[in-house]
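Student: Chains as they are written, first to last, in the numbering used here: chain A, 1 to 60; chain B, 1 to 383.
Hints in this document: simulated from the structure, not taken from any laboratory.
There's no promise every hint is true.
Unchecked claim - Straight-line distance between alpha carbons at most 25 Å, and here's what the computed SDA-like set of lysine to any residue pairs gives:
hint	chain 1	residue 1	chain 2	residue 2
1	B	Lys142	A	Met1
2	B	Lys169	A	Asp30
3	B	Lys356	B	Val154
4	B	Lys142	A	Ile17
5	B	Lys333	B	Asn41
6	B	Lys169	A	Gly16
7	B	Lys333	B	Asp283
8	B	Lys112	B	Arg56
9	B	Lys169	A	Gly10
10	B	Lys169	A	Ala11
11	B	Lys333	A	Met1
12	B	Lys184	A	Asp30
13	B	Lys259	B	Ala315
14	B	Lys333	A	Gly42
15	B	Lys259	A	Asp30
16	B	Lys333	A	Ile17
17	B	Lys292	B	Asp83
18	B	Lys184	A	Gly16
19	B	Lys169	A	Trp33
20	B	Lys292	A	Leu18
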Amino acid sequence: MIRTPSQIWGAPILLGILTTIGLVAALLGDGVWDLVSAITLGVPVLAGIWYGLRRAPRRQ
Amino acid sequence: MRRWGWIHKWSSLVCTVFMLLLCLTGLPLIYHHEIGHLLGNEVEVPALPAGASQARGNIDAVLASAQALYPSKIPMYISMEGDEPAIWNVTLGDHPNDEHYKPIAVDARTTKVITEPAFEGGVFMSTMFRLHVDLFAGLPGKLFLGFMGLLLIVAVVSGVVLYAPFMRKLDFGAVRRERSTVIKWLDLHNLLGIVTLVWVFVVGATGMVNTWADLLLKYWQVNELAVMLKPYEGQPRIEKLASLHNAILRAEAAEPGMKVGFVAFPGTPFSSPHHYGVFMRGDEAFSSRLYKPVLIDAGTGAITDQRELPWYLTALLLSQPLHFGDYGGQPMKLLWALLDIGTIIILGSGLYLWLKRNRAAKPVKKKQGAAREPALAASNEAS
Chain A
1 MIRTPSQIWG
11 APILLGILTT
21 IGLVAALLGD
31 GVWDLVSAIT
41 LGVPVLAGIW
51 YGLRRAPRRQ
Chain B
1 MRRWGWIHKW
11 SSLVCTVFML
21 LLCLTGLPLI
31 YHHEIGHLLG
41 NEVEVPALPA
51 GASQARGNID
61 AVLASAQALY
71 PSKIPMYISM
81 EGDEPAIWNV
91 TLGDHPNDEH
101 YKPIAVDART
111 TKVITEPAFE
121 GGVFMSTMFR
131 LHVDLFAGLP
141 GKLFLGFMGL
151 LLIVAVVSGV
161 VLYAPFMRKL
171 DFGAVRRERS
181 TVIKWLDLHN
191 LLGIVTLVWV
201 FVVGATGMVN
211 TWADLLLKYW
221 QVNELAVMLK
231 PYEGQPRIEK
241 LASLHNAILR
251 AEAAEPGMKV
261 GFVAFPGTPF
271 SSPHHYGVFM
281 RGDEAFSSRL
291 YKPVLIDAGT
301 GAITDQRELP
311 WYLTALLLSQ
321 PLHFGDYGGQ
331 PMKLLWALLD
341 IGTIIILGSG
351 LYLWLKRNRA
361 AKPVKKKQGA
371 AREPALAASN
381 EAS
């Protein structure tokens, strides 16, 4: 099955937006801003670790 | 697509070795404060006896304490970290551009010398720092690494272009472990490449901008600073410097809500032969990253000029935290380290895939002599 562009790019664009929010948020303030940054920047890291390490992928 | 494959291959290949070096040396630099503590190279604030004043002492006395250690040397800079108001970092040199300066940490409250910190944080950190910044080669080394950063950006962009055709038949995050080692690492390369995309792009681009710091500073000196200093052209050298303490008080009064970040002494690149360059910064997360210079006549102690930094120096100052990852506390440092390790895996797997492809492709080329499928399209057919 051929994936549509939105299927291909949905997750990468979402992760890109989260990374951007994470990089900017901590610049703008301390405290809650740093927390927002840690969470949004943490999502792509966790996605990389999760998909990179998981075993037994679903059959296609 | 074949053209993009070629661009991705060559831009990556040229910069990979240097990027691996930068990632490996950058890792300890993320934790330079913690490593400094462990190695005993970090300056610790002395505890004052109960009831002692925590207020800032006289800055001229701070300077005198430092200079008493090296009476023949002149002060180059005095600086204070935003989060450590108890320590003045004084640098003394034989002349205003001395690369072998002596760093001295002085207690801002008692005005007594705390210690002479290890140069650039000790041998280990200094080596990591030099390898990361200029390969021990000064400005040419910096610009060379900056060019490697540009190639990294080209590699990232071309990698994104190649991602779409590659993923036509795969779900996001799919790693085909059961097929072959090459396919597994190809999928991991693509997965890690796409999840770290924006971070790698930003850290690569801001790193490249940082390599131009010397040039941007030079441009600022020749243009803006020169205009501010026009009235002082041809004046004789100042024999006796006015009080730095009063100069800083005056700068602080002129810029309410700002704190002094550092002072450049007369003759250093951040000032003129006739001025204290007092660089003020705000005390909030964002404004503390930006400086506003107040030039003070080092003979009379009067303010000569004060103005905002030009956009290119503002951009340089903002690109620094985005490269260092030092603006979001410990969680951010950890994420920076993990993303750095992810990048090392991307670089390593890219190199591995090229070596494998290269070895596999050569005999084919000899036999057929015909145009090959682009590497990535070929692997896509195999799925």
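Student: Hint by hint, say whether it matches the structure.
Tutor: So, going through the hints one by one against the coordinates:
With a C-alpha separation of about 48 Å, the suggested pair lysine 142 of chain B and methionine 1 of chain A falls outside the 25 Å cut-off, and the hint is violated. A C-alpha spacing of about 43 Å is found between lysine 169 of chain B and aspartate 30 of chain A, which places the hinted pair above 25 Å, so the restraint is violated. Taking the CA atoms of lysine 356 of chain B and valine 154 of chain B, the gap is about 23 Å. The hint holds against a cut of 25 Å. Between lysine 142 of chain B and isoleucine 17 of chain A, the direct Cα distance comes to roughly 31 Å. Violation of the 25 Å bound is thereby established for this hinted pair.
For the hint pairing lysine 333 of chain B with asparagine 41 of chain B, the CA-to-CA distance comes to about 20 Å; that is within 25 Å, so the pair holds. With a CA separation close to 22 Å, the supplied pair lysine 169 of chain B and glycine 16 of chain A stays within the 25 Å bound. Distance check on the hinted pair: lysine 333 of chain B and aspartate 283 of chain B sit about 22 Å apart at the alpha-carbon level, within 25 Å; holds. For the proposed pair lysine 112 of chain B and arginine 56 of chain B, the alpha carbon gap of about 12 Å is at most 25 Å, so the pair holds.
Only pairs whose Cα atoms come within 25 Å are accepted, and lysine 169 of chain B paired with glycine 10 of chain A is accepted, the gap being roughly 15 Å. Our distance criterion of 25 Å between C-alpha atoms is met by lysine 169 of chain B and alanine 11 of chain A, whose separation comes to about 15 Å. The suggested pairing of lysine 333 of chain B with methionine 1 of chain A is violated, with an alpha-carbon distance near 41 Å, which exceeds 25 Å. A threshold of 25 Å between alpha carbons decides the hint, and for lysine 184 of chain B with aspartate 30 of chain A the separation of about 41 Å lies outside it, so the pair is violated.
About 21 Å separates the Cα atoms of lysine 259 of chain B and alanine 315 of chain B, which keeps this hinted pair within 25 Å; it holds. Restraint check: the Cα-Cα separation between lysine 333 of chain B and glycine 42 of chain A comes to about 11 Å, which is no more than 25 Å; the hinted pair holds. Between lysine 259 of chain B and aspartate 30 of chain A the alpha-carbon distance is near 18 Å, which keeps this suggested pair within the 25 Å criterion. For the proposed pair lysine 333 of chain B and isoleucine 17 of chain A, the alpha carbon gap of about 20 Å is at most 25 Å, so the pair holds.
The hinted pair formed by lysine 292 of chain B and aspartate 83 of chain B meets the criterion: a straight-line CA distance of about 18 Å does not exceed 25 Å. Between the alpha carbons of lysine 184 of chain B and glycine 16 of chain A the distance comes to roughly 24 Å, so the proposed pair stays at or under 25 Å and holds. Note on lysine 169 of chain B and tryptophan 33 of chain A: the hinted pairing is violated, with a Cα-Cα distance of about 39 Å set against a maximum of 25 Å. Among the hinted pairs, lysine 292 of chain B with leucine 18 of chain A is inconsistent with the structure: their alpha-carbon atoms are about 32 Å apart, more than 25 Å.
The earlier numbered hints that this structure contradicts are 1, 2, 4, 11, 12, 19, 20.
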